[in-house]
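*Asks:* The lines below spell out each chain.
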Amino acid sequence: MKRYLLPLLAFLVLVGFLAVGLRLNPREVPSPLVNRPTPEFRLPTLADPAQQLAPKDLLGKVWLLNVWASWCVACRLEHPVLVDLARADLVPVYGLNYKDKRPDALAWLEKFGNPYQQSLQDSDGLAGIELGVYGVPETFVIDRAGVIRFKHIGPLTPEVLRDTILPLVGKLGA
Amino acid sequence: MTPSCPWSENSVPKTGCLGLLGGALLLGLALGLPLSAGAGEAKPMASDPALEARVMVIAEELRCLVCQNETIAASNADLAVDLRGQIRQKLSQGQSSQQILDFMVARYGDFVLYRPPLKASTVLLWVGPFALLLLAAGVLMVNIRRHRQHAAQRELDPAQRLRARQLLDQTGGPP
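Read top to bottom, the protein sequences are chains F and G. Oh and the first sequence: position 102 is 102 in the working numbering, straight run, nothing missing. Oh and the second sequence: position 93 is 93 in the working numbering, straight run, nothing missing.
These aren't lab readings, by the way, just hints derived from the structure by calculation. Predicted model only: the values in this text are computed from it and were never measured. Hints are supplied without guarantee of correctness; some may be wrong.
In the DSBU-like style, the derived pairs of lysine-lysine whose C-alpha atoms are separated by at most 30 Å in a straight line are [unchecked claim]:
(1) G:Lys90 x F:Lys101
(2) F:Lys56 x F:Lys101
(3) F:Lys56 x F:Lys171
(4) F:Lys56 x G:Lys90
(5) G:Lys119 x G:Lys90
(6) F:Lys61 x F:Lys111
Okay, chain F solo, but in the shape it has when bound (with noise of 0.2 Å):
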């Protein structure tokens, strides 16, 4: 009976392992930049290039910063769960049009909506670099004070929004 103590004690520790570790998301990695003052940039909106924003105008208020590109196949997936939330008005919604052409961009929020207040055009990436972004879309918490106080890799689902970024926001006190 002994000698199978030990196997079997082996065995469920690789188990318990292996039940967290395949539960894990790789492309999950935790960013340095959460609890810090978003990254200084200025970019010419997509509506009208002439007219430029920076996430310093947007001191005051909490609001949700989203990257994304028409490119992305991810983002048409998340696009009606941002839609349904700038249509119940609960978070101003701010884009970060990644690495896209303003053609291709203009186009694609014609044919499925346009969740975003503005739109900034990071047609180089270079903000996309200062933001740690890796993997679009990507959104940020960002609170009255300027400071990332949330991360999101990958599409946002209508989970992620009601269990944790909503919460996040009404405590932000949006």
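Knowing the structure of chain F, use the given hints to seat chain G on it.
*Replies:* Frame of chain F; chain G shown alone:
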């Protein structure tokens, strides 16, 4: 977690998600054709070979977050190309390697470093393998010792020896 495939990567802007089947196919290809892996390596830019060499030395230290098992030096993902551009630019501005590594860590976390620093969150990573090795060595020693004791106990007493001799004689002994 989403039931479908992961989101589009920077490396495949126009094609998007490959899906499970595509992923499996790619995996099969990668396993079947290991020689082709080197073929896609990023080519250094010829403009200033000395600068490029320095860019690559730093890029070798950094993990590409799009294709996590590749360095930024080896990857052809869009993001890796962009980050090499950043390294190049910062080097020509006179920044040190450490400043550039710090820049990357500030944005992408310790995960970008192929040699992560030793700190509370990475202790297991650094110490874990050695701890396991020690544990395994300990178990091995205990087992060997136990085995030896067992072997010593298996010595036959004179009565058993006599009986064995008799049995061997009966059957005519060893051939």
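*Asks:* Below or equal to 30 Å on CA atoms is what counts here, so check Lys90 (chain G) against Lys101 (chain F).
*Replies:* Answer holds: Lys90 (chain G) to Lys101 (chain F) is near 26 Å, not above 30 Å.
*Asks:* Would the pair Lys61 (chain F) and Lys111 (chain F) pass a check requiring their Cα atoms to be no farther apart than 30 Å?
*Replies:* With Cα atoms ~29 Å apart, Lys61 (chain F) and Lys111 (chain F) stay inside 30 Å; holds.
*Asks:* Between Lys56 (chain F) and Lys101 (chain F), does the CA-CA distance stay at or below 30 Å?
*Replies:* holds, 25 Å
*Asks:* Holds or violated: Lys119 (chain G) with Lys90 (chain G), Cα cutoff 30 Å?
*Replies:* holds, 27 Å
*Asks:* Keeping to a limit of 30 Å between CA atoms, is the pair of Lys56 (chain F) and Lys171 (chain F) held or broken?
*Replies:* With Cα atoms ~21 Å apart, Lys56 (chain F) and Lys171 (chain F) stay inside 30 Å; holds.
*Asks:* Is the straight-line distance between the alpha-carbon of Lys56 (chain F) and that of Lys90 (chain G) 30 Å or less?
*Replies:* Distance ~25 Å between Lys56 (chain F) and Lys90 (chain G) Cα, so the pair holds.
Of the numbered hints given earlier, the model fails none.
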